[in-house]
Structure formats: structure tokens, C-alpha cells
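Chains H and A, in that order, give the protein sequences.
In this note's numbering, each residue carries its 1-based index in the first sequence increased by 142.
In this note's numbering, each residue carries its 1-based index in the second sequence increased by 142.
For the record, the hints were derived by calculation from the structure and aren't laboratory data.
A portion of the hints provided could be inaccurate.
Remember, identical chains collapse to one label, so a pair may be satisfied in a single copy or spanning two.
Here are the computed lysine to any residue pairs in the SDA-like style, where the Cα-Cα straight-line distance is at most 20 Å [what the hints assert, rightly or not]: (1) 268 <-> 179; (2) 268 <-> 211; (3) 236 <-> 181; (4) 231 <-> 261; (5) 286 <-> 211.
There are 2 protein chains.
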Amino acid sequence: MVRDAIPALKSHHPGKDILAETPAYDLIELFFFAYRDFVSDPDRILDEYGFGRAHHRVLHFVSRNPGLTIAELLDILRITKQSLNRVLKELIEKDFIESRMGTSDRRQRLLFATPQGRELALKLAKLQTRRIMRALSGMEPEAKDAVSRYLLSLIDPNDSAHVKHLVFGSEET
Amino acid sequence: MVRDAIPALKSHHPGKDILAETPAYDLIELFFFAYRDFVSDPDRILDEYGFGRAHHRVLHFVSRNPGLTIAELLDILRITKQSLNRVLKELIEKDFIESRMGTSDRRQRLLFATPQGRELALKLAKLQTRRIMRALSGMEPEAKDAVSRYLLSLIDPNDSAHVKHLVFGSEET
DNA sequence: AATTTTATGTCAGCCTTGTTGACATATCTC
DNA sequence: GAGATATGTCAACAAGGCTGACATAAAATT
């Protein structure tokens, strides 16, 4: 480990061993509190529809990726198909998501948000965006990019390519 | 795009609709994926002890804030005392946390992590720190500060002072 | 054509972690 | 002494994870 080659890893306290990894309590705890509040916004609205966070996640990714298959969705959410099916069934019954048979592979189900589903997904995304914009508003323009790169780097390296494609891959306009 | 259907949402600059708040999908989704992976590291170890994420949160904040009271812990975690008590009881029984009667107010319970508790808390914090350091390692030194300020600003303004004090306030050694 | 693999659905039951409501106890405050 | 406060506890319930087993249709392989 060529520690000195990476300034960010250099120790501020010369006595402390860098390998002991002084815990980054600040970033750990801020992450917890930020996430806690970040997901609380949608909760209130979801309640009115009889939905929970699990429904939100499914609706969000389906709305953002029309034609998503069950397998791809499972890979994104990292839950079992039984867990997914419970909430997905409700979203389909209440007409927020539509499931069509695959065209090339007819075993697959291609998922689409209905107009009603897209509307709710957008409403929730805007809510969260308002919080994000408020946070970014006081910061330098480069900050957003730094935050974005930080979050991306927190993701398991195995998945980062996949996530990158999902998040940035299909930029319309 | 039926922008003209809702006059109140019409933009001054065609194309850039301020009030429509184009969703920050990138930061929304990256936050989800980053958090998903961030909490997954400790999960594996907690399993070996028969603990879950709820135990982790309690142990973490007690370890970081020796003498924390039940009320303060409830305020941090935002859960009911019944939920807290379930996991706290287990942590006390298994000797990871110790509960002492308050000195000035004997109704209060002051919580302390035992040596075993501190050890586990530290082990988990180091695991998460490793992920954080890996993410920061490729970035400019100012990036950490930007991320920190961003996360802090995501928190409900009502709580940010409290969180700031909790996270940065008591820098011991 | 027969077989195997794959994508999905579904039943049944369990666990963790959140919730509400009611009630008990000790201690502090007025 | 009366009332407020900090905590503990019982019971029941809900959301959203999990495992295991089994079913079906369609694709892929042999």
C-alpha cells in the first residue's frame, strides 16, 4: 500500500496508524440521517394510496425504465421474487403498473407504468428533488458532480457499471 | 408534453420550467443504490451475532454517545419505545450494552456500550469506513467537505442543528 | 422430438422491525 | 399530595423481508 501516494489517505494525526482506519463517523452518521429524512417525504403521500416504500421503489424504477422485466427489477431491488410479487401485484391491481407479455421472449413480463402510475412516480420524484435542490442551492456548482461521483463510488464496484448505465445511460433529449 | 394545459406551470423560459422541477433522477437513484450497498456490509457480520440492522443503529449511537438516555435515543432513531425496547433488551441481555440509573434524574436510564459492545460497534464502523475511503480516494480533498455539507443539508432543517451537534459536537480525542 | 433450462407465478410459513393502545412503576416537580 | 415525566411491558397487528416447494409456459439444447 503506497499510502503517501494518495493524499486523501494521509493521516492528520501523525501518531495514529492509518491502517487502524479511524472511523469516518461524520459521513456514516450523516448518511443515516440524510437517508432517514430523504425517504420520509414520499411516505406521507404513499400512505394516501395505501402504498409503502416497497411500492415506491418498484413504481419508480418501472416508470423510469419502461419495459423493464421482472428479472431486471429483481436485480435492481435485490429482493426475492416473492417479496416483489406481493407489491407488484397490488400495483397492477390498482392500475399503476401494467404487465405485458414479452415480444421476443414470451416468457418475460415487460412492465410499464400506467398514466396514473407515471403521475404518482413523478409527484414523488419531484418531492425528493425539492429536498435535493434545497441542499444543493447553497453549494458551488461543482458540488453536485462531487456528490454524484461519491455516491457512485460507494456502490459495489461489481454493480457500478450497471448502475451507471441505469442512471445515466438513457438520457433523453 | 402538454405544458400549455396548466397555465400556472408555464415557464418563462420555454424549455426550462422552474416550477415543474425536472426530477434529479441521478441523485435520487444513486442515493438508493449507495445506501443499499452501504448498509449491506454490516449485515453479514451482524448475522453472526444474531443481530439485525435495528441492533446496529442502537449499538452505534450508544457507543458513540456514552450515557445516552432512552428519550434521546428515541429522538435519534425516530421509532417507538416499544420497537426500541425489543432490540435494546437483547443488546443488554447479550452484554453489548449496559443500562445504569441516571444520577441527577433517577428515572432516566443512561446507556453505555460494554467493551464487547464497543468492539463490535468499532468493527462495523471500520467496515463502512473502508467503503467510504475507497469512494473518497479518487476524489479531490475538498470533495469530502462537499459531500458532508450536502448530506447535512438534506436533513430536515428542524433537526440539522441537533444532528450537527451529535455528529460534530463532541469530538473526543 | 424429447429434454432441460429459464422466466415467472404462487402457496405457506417464518422473521425482523416497525406500528398502536393500554397500563404499571418510579421519580421528579409544583 | 397531585400531577407530570421517564421508562417498561403486554398484546396485537402490519409491512416487507426471507426460505422452500411446486407449477407452468416458453425457450434452448441435444
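Since the copies are identical, ignore which copy is meant and state whether residue 231 and residue 261 lie within 20 Å (CA to CA) inside a copy, between copies, both or neither.
Result: close within a single copy only, 19 Å intra versus 44 Å inter.
Up to 20 Å CA-CA - residue 211 versus residue 268, copy category:
neither (25 Å within a copy, 37 Å between copies)
When no copy is named, should residue 286 and residue 211 be tagged within, between, both, or neither for a Cα gap of at most 20 Å?
neither (31 Å within a copy, 37 Å between copies)
At most 20 Å between CA atoms: does that hold for residue 236 and residue 181 within a copy, between copies, both, or neither?
neither (23 Å within a copy, 32 Å between copies)
Checking residue 268 and residue 179: alpha-carbon separation at most 20 Å within a copy, between copies, both or neither?
Answer is within: at 15 Å inside a copy they meet the 20 Å cutoff, but 24 Å across does not.
Consistency with the previously given hints fails for numbers 2, 3, 5, ordered from lowest to highest.
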